[in-house]
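Given chain A's structure and the hints, the job is docking chains B, C and D onto it.
Number of protein chains: 4
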Amino acid sequence: MPTPLDPLRDQLRAFASARDWDQFHSPKNLAMALSVESSELLEHFQWLTEAQSRDLRDDAKQAVREEIADVLLYLIRLADQLGIDPIAAAHEKMIANEKKYPVDKARGTAKKYTEL
Amino acid sequence: MPTPLDPLRDQLRAFASARDWDQFHSPKNLAMALSVESSELLEHFQWLTEAQSRDLRDDAKQAVREEIADVLLYLIRLADQLGIDPIAAAHEKMIANEKKYPVDKARGTAKKYTEL
Amino acid sequence: MPTPLDPLRDQLRAFASARDWDQFHSPKNLAMALSVESSELLEHFQWLTEAQSRDLRDDAKQAVREEIADVLLYLIRLADQLGIDPIAAAHEKMIANEKKYPVDKARGTAKKYTEL
Amino acid sequence: MPTPLDPLRDQLRAFASARDWDQFHSPKNLAMALSVESSELLEHFQWLTEAQSRDLRDDAKQAVREEIADVLLYLIRLADQLGIDPIAAAHEKMIANEKKYPVDKARGTAKKYTEL
Numbered sequence: 001m002p003t004p005l006d007p008l009r010d011q012l013r014a015f016a017s018a019r020d021w022d023q024f025h026s027p028k029n030l031a032m033a034l035s036v037e038s039s040e041l042l043e044h045f046q047w048l049t050e051a052q053s054r055d056l057r058d059d060a061k062q063a064v065r066e067e068i069a070d071v072l073l074y075l076i077r078l079a080d081q082l083g084i085d086p087i088a089a090a091h092e093k094m095i096a097n098e099k100k101y102p103v104d105k106a107r108g109t110a111k112k113y114t115e116l
Numbered sequence: 001m002p003t004p005l006d007p008l009r010d011q012l013r014a015f016a017s018a019r020d021w022d023q024f025h026s027p028k029n030l031a032m033a034l035s036v037e038s039s040e041l042l043e044h045f046q047w048l049t050e051a052q053s054r055d056l057r058d059d060a061k062q063a064v065r066e067e068i069a070d071v072l073l074y075l076i077r078l079a080d081q082l083g084i085d086p087i088a089a090a091h092e093k094m095i096a097n098e099k100k101y102p103v104d105k106a107r108g109t110a111k112k113y114t115e116l
Numbered sequence: 001m002p003t004p005l006d007p008l009r010d011q012l013r014a015f016a017s018a019r020d021w022d023q024f025h026s027p028k029n030l031a032m033a034l035s036v037e038s039s040e041l042l043e044h045f046q047w048l049t050e051a052q053s054r055d056l057r058d059d060a061k062q063a064v065r066e067e068i069a070d071v072l073l074y075l076i077r078l079a080d081q082l083g084i085d086p087i088a089a090a091h092e093k094m095i096a097n098e099k100k101y102p103v104d105k106a107r108g109t110a111k112k113y114t115e116l
Numbered sequence: 001m002p003t004p005l006d007p008l009r010d011q012l013r014a015f016a017s018a019r020d021w022d023q024f025h026s027p028k029n030l031a032m033a034l035s036v037e038s039s040e041l042l043e044h045f046q047w048l049t050e051a052q053s054r055d056l057r058d059d060a061k062q063a064v065r066e067e068i069a070d071v072l073l074y075l076i077r078l079a080d081q082l083g084i085d086p087i088a089a090a091h092e093k094m095i096a097n098e099k100k101y102p103v104d105k106a107r108g109t110a111k112k113y114t115e116l
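Heads up: the sequence lines are chains A, B, C and D, in that order. For the first sequence, this note's numbering begins at 1 and goes up steadily by one. For the second sequence, this note's numbering begins at 1 and goes up steadily by one. For the third sequence, this note's numbering begins at 1 and goes up steadily by one. For the fourth sequence, this note's numbering begins at 1 and goes up steadily by one.
Just chain A, with the same shape it has in the complex (with noise of 0.2 Å):
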């Protein structure tokens, strides 16, 4: 079944396959670059108030941009490669969401949300 991340999937298929890169992608190799990507998008917040952090001057908002790419390509090359697809995970997760934190008891409070 198609789904709207086919398209970057395929590319980076193609570019991974044309470098002779598939040898480098093993999943380990993969989950290290994600996370590697993720603390590059971290370190832009690392020294702003929250405040800040919501009114992100243009040339900071361009670089976050572009670490939000490399972690979305990250993460479609891993679950790619793990046959898993990100899409149908992640609605199945919003469903689980909602039973674990009831609106009545989540309403207004961080305590125990640790993660969605």
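Careful, some of the hints might be misleading.
Only pairs whose alpha carbons sit at most 30 Å apart, straight line, appear in this in silico BS3-like list of lysine-lysine [what the hints assert, rightly or not]:
no. : chain 1 : residue 1 : chain 2 : residue 2
1   : B       : K61       : D       : K61
2   : C       : K61       : A       : K100
3   : D       : K99       : C       : K61
4   : C       : K99       : D       : K61
5   : B       : K100      : D       : K61
6   : A       : K61       : C       : K100
7   : D       : K100      : C       : K61
8   : C       : K61       : A       : K61
9   : A       : K61       : B       : K61
10  : A       : K105      : C       : K61
11  : B       : K61       : D       : K105
Derived from the structure by calculation, the hints contain no laboratory data. None of the values given here were measured: they were computed from a predicted structure.
Same frame as chain A, now just chains B, C and D:
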């Protein structure tokens, strides 16, 4: 312009709004959460060989699938708070990557290849 | 030359040796484990305000204390596998930092200050 | 009671104080910086095989050495802001680890061994 991630983006908006969680969802905090989820994903691979990581057991694959979902959800949420379209950003990054890693120079080598 | 972290280093060597874990303790894997532990530490702070993070509750402080221990232990173990003395490296880095961040330019600003 | 990391802790205090950086050094921000530095360390290993990571070239080892220094410095700074003694915490953790991973059960297996 509608994008393929709009349905998840809208679900996440409604989810946060119903719980009054926008106050916690500053880009700074969401970038932290994204990084933490990427590490939870990484944790599943840390003691595996690369070969083992290419052939996960079913229970490990299911756990990894849920972490992939978490990373995608926080990425969509973070991008939304910043007004960034992750799909468009990823397509642009692929064009930049084609230039940065010319096939004839990048073929079969991970040298200087520290990130996509 | 003996260093202040030698006792922990030696304990970690004996610990790994008794369990035949040197086979898993490649620098690559230890760097992953260190990064994962740093994220577990980070997780405790992700939904706190900066003010709250300066005034942790006792149970949170105890949990953070254990994560700090984990990070230090993996750092010592990784450095040992690479033949690196972390204390000497840190002293040298402090000298470099004094030059990189001159007091008169760095005073009161986090601009360009993306890392120590 | 004096600990082996006191000299670095005191240097870091003086360094931050001279630059008026205590305002940026909330535990939340320092935990982010520590995590970012751990990922910069990880980045050096992401495309290496485990065997390659056990036998780094000189330039790579020097770069890794500096990242190890950064991680240690932020760890000391974070612990100081929280009033935590990292050495004492690590010694206690080693005692807990001896119990958690009995030699006869943990020998030669990374199963269930997701963290020290």
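**Prompt:** Which of the listed hints are not met by the structure?
**Reply:** Numbers 1, 8, 9 - these are the hints that the structure violates, sorted from lowest upward.
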